[in-house]
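Peer 1: Chain by chain, the residues:
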Amino acid sequence: MVKIKINGNEYQADPSKTIIEAARENGISIPHFCWHPRLSVSGNCRMCLVEVEKSPKLVIACATKVADGMVINTKNERVEKAQNAVMEFILINHPLDCPICDEAGECKLQDYSYKYDKGVSRFEEEKVRKPKRVELGPNVMLDVERCIMCSRCVRFCDEIAGKPQLVFSNRGDHVELTTAPGEKLDTPYSMNVIELCPVGALTSRDFRFKARVWEMSSTESICRGCARGCNMNIWVRNNEILRLTPRLNPEVNDYWMCDNGRLNTFKYVNSDQRIKSPMITKDGEMVETSWEEGIAYLVHKIQNFKKNEIAGIGSPFATNEDNYVFAKFMKQIIGTPHVDFSRHIVEGEEDNLLIRNDKTPNTLGAFEAGVYPSEKGYNFQQILKAIESKELKCIYVLCDDIAVAPEVRDALSKVDFLIVHSPIKNTLTAIADIVFPTATYAEKNGTFTNFQGRVQRIRPAIATAEMDRSSDGMSLSRWDKFGAQNDKWTKGNKLDVRPTWRILSSIANTINPKFRYNSAEEIFNELSSTIDSFKGLSYLKIGSKGAFLNKKTINEKKSIKVS
Amino acid sequence: MAQTKITRTSDLTFWQKLYIPEIIKGMKITIRQMFLPKFTRQYPEERWNPPASFRGRPVLVEENGKERCVACGLCSRVCPALAIEVQASETELNKERYPVKFEINMLRCIFCGLCEEACPEEAIVMSKEYELTFNNQEEAIFGKDKLLISKENLKERLEFLRQYR
Ligand code: SF4
Ligand code: SF4
Ligand code: SF4
Ligand code: SF4
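First to last, the sequence lines map onto chains A and B.
So for the first sequence, this note's numbering puts the first residue at 1; every next one is plus one.
So for the second sequence, this note's numbering puts the first residue at 1001; every next one is plus one.
Since the hints were derived computationally from the structure, they do not count as laboratory data.
Backbone N, C-alpha and C fix where the C-beta goes; we use that ideal spot for every residue, glycine too.
Where hints are given, some of them may not hold.
Okay, derived cross-link-like pairs now, DSS-like style, lysine-lysine, Cα gap no bigger than 27 Å in a straight line [as the list claims (entries may be wrong)]:
#1 A:LYS267 x A:LYS481
#2 A:LYS210 x B:LYS1146
#3 B:LYS1144 x A:LYS210
#4 A:LYS210 x B:LYS1101
#5 A:LYS494 x B:LYS1101
#6 B:LYS1095 x A:LYS210
#7 A:LYS488 x B:LYS1066
#8 A:LYS132 x B:LYS1095
Label pairs and their calculated CB-CB ranges [claimed, not checked]:
#9 B:THR1091 x A:LYS163: 30 to 38 Å
#10 B:VAL1078 x A:GLU407: 54 to 62 Å
#11 A:ILE511 x B:PRO1080: 51 to 59 Å
#12 A:SER544 x B:VAL1078: 27 to 35 Å
#13 B:LYS1146 x A:LYS127: 31 to 39 Å
#14 B:ASN1094 x A:ASN44: 24 to 32 Å
#15 A:ALA296 x B:GLU1129: 56 to 64 Å
Isolated chain A, as found in the complex (with noise of 0.2 Å):
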């Protein structure tokens, strides 16, 4: 450790750091446009200029590395002036874009043009033009004349995601981002690259022009896209996912996603598919019911069976809170011991960044949640066969369309009563005899577990027909805050669905009065206080960046088998 000096205070520093790392540490932010903290040194936008005492000229801080008695200056007015001299230069070529930029209000060049720019320009020649709509790639579009040559995209590709598919061509003012020649960006990591580029060049082909940044709302929550759970935010206008970005967490995602899970994971949620109240099957037909009729007609036709001919198939898509619920509704309130999940793992997709092979964002919670056979009840695999022999006879799935797979279609058509649980109208769905409609991820409070054994918030970012944006606590855009019952943007489309774990109660209440949870924090609390793993967790100690299970009570008895 060395002692080192910025603006007047005095501060230790590990001598390793750099001075803009070492500043970072201790709060002092120094404006900078090429370095990032997971990238190497480029040190070419020198938008991070300060005064070193005795040393001649001003230095970059990104690449300077502190040393014992150091004195450093981040704002006095010769490194103010360099600053603006940085902000007049990368403006010279910049276009006057930002009406019709997406990176507009999250822009670090237009954040810094308010702050460290005199706001005129002494520049009366015309500006470079270079190509507008570049399709860089599947997911990614670049507009030319907005970059601002600071390699971190490039430094991305080749560091981070193993891939140099970006190289810059042409010299000076003419310097232009571009792909080797026939080559497109198209590692699975691409679009980190938006979220990098400090300017609008680099952006969403999904996104593109969507919706000003200002104008949505954001939610912390997880990308249910595979077992890894990164760390994401929601980002919602007039009640419509309209794009996830990366949330920072070293532990997990580090600042980066997948494309797959930015593009793949959501649009269920804003689809015309969604399922829009409970449906029972009669005469061979799909008709839409009520909840009381929905769930009183269940009651009554589950009575029919034994309870050895009932199996229920929880969901690795659901919540920690979902599965707890349904485990003990199944063990206890049904009676039956066969209760189990599917897995879907996808041999080989696995890399050593954060794509894993098993696709679902909570396959170790659900089975920690308690959804296992007991003694001498089946497991999946074992289910399908036992309703081929016809000893199970009425089938119980949660939010898992399992029926993609003709084999579990075909032994699943062969039920005598399907109760199936879904967002959305799919295979499943198809064949099921009652059908209820549930709220998706974003739509509830709940916790995944991801593959290391952590377990993390997902919170409700979408308004339901039971869950109102202002009174439950979701984060409000500016146009929910102030619009009143009339505004169409209010209006918006509010599906009747529910959270699994409500359903489930509201049907095991008729049963036994006792079983009843009027909150998902309610089942947490009891979920961690009965399940060894799951000691001392809560809500508030979750917080935003996870929590680990117990390591040492995961039964590796029922530790999960790959099948």
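Following the hints, position chain B with the ligands against chain A.
Peer 2: What follows is chain B with the ligands alone, placed relative to chain A:
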């Protein structure tokens, strides 16, 4: 509670207290007006043409058959009454984006003119129109069909704005 003492700046004079002379003074003014030229307008047959500085309902400027607006949403953000809703989309034109949907809720609009001031494209301006009637709330939401007005018809306002640039 603090007490406020009410004091008269001046007491009524003797003549004012008499009351009758004051009434006569008032009648004099009234009777004089009867013989002066009349200002009453026979609205709606006779309409008023406001000066260029007048802030009537906000409209979108149409140029070469297209809106100038690039759907940046700044007017929508600045509007203190949340009257404006813009939905952008991509266009082949040079400007890259345009509003597929542009709506102003005229029941919300307070005619402040901030949208006009915020617009980087001079695409939304205050017109001279002050006659607004609707029979229900839906009708009060003006879409692009009602908002687009050709540049030629907004000449006066555009020139007025130029003076202050
Ligand atoms: S990159 Fe930033 S500064 Fe440049 S046009 Fe876009 S928002 Fe404006
Ligand atoms: S595209 Fe963005 S990240 Fe890449 S070099 Fe240009 S400014 Fe930097
Ligand atoms: S005039 Fe004022 S209130 Fe009316 S739309 Fe414009 S900004 Fe909103
Ligand atoms: S500020 Fe101007 S350009 Fe932007 S959305 Fe409004 S009218 Fe269109």
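Peer 1: State for each hint whether it applies.
Peer 2: Comparing the hints with the structure gives:
| no. | hint | verdict |
| --- | --- | --- |
| 1 | A:LYS267 x A:LYS481 | 25 Å, holds |
| 2 | A:LYS210 x B:LYS1146 | 24 Å, holds |
| 3 | B:LYS1144 x A:LYS210 | 18 Å, holds |
| 4 | A:LYS210 x B:LYS1101 | 12 Å, holds |
| 5 | A:LYS494 x B:LYS1101 | 22 Å, holds |
| 6 | B:LYS1095 x A:LYS210 | 16 Å, holds |
| 7 | A:LYS488 x B:LYS1066 | 26 Å, holds |
| 8 | A:LYS132 x B:LYS1095 | 11 Å, holds |
| 9 | B:THR1091 x A:LYS163: 30 to 38 Å | 33 Å, holds |
| 10 | B:VAL1078 x A:GLU407: 54 to 62 Å | 59 Å, holds |
| 11 | A:ILE511 x B:PRO1080: 51 to 59 Å | 55 Å, holds |
| 12 | A:SER544 x B:VAL1078: 27 to 35 Å | 32 Å, holds |
| 13 | B:LYS1146 x A:LYS127: 31 to 39 Å | 37 Å, holds |
| 14 | B:ASN1094 x A:ASN44: 24 to 32 Å | 31 Å, holds |
| 15 | A:ALA296 x B:GLU1129: 56 to 64 Å | 59 Å, holds |
Hint compliance for this structure: no hint is broken.
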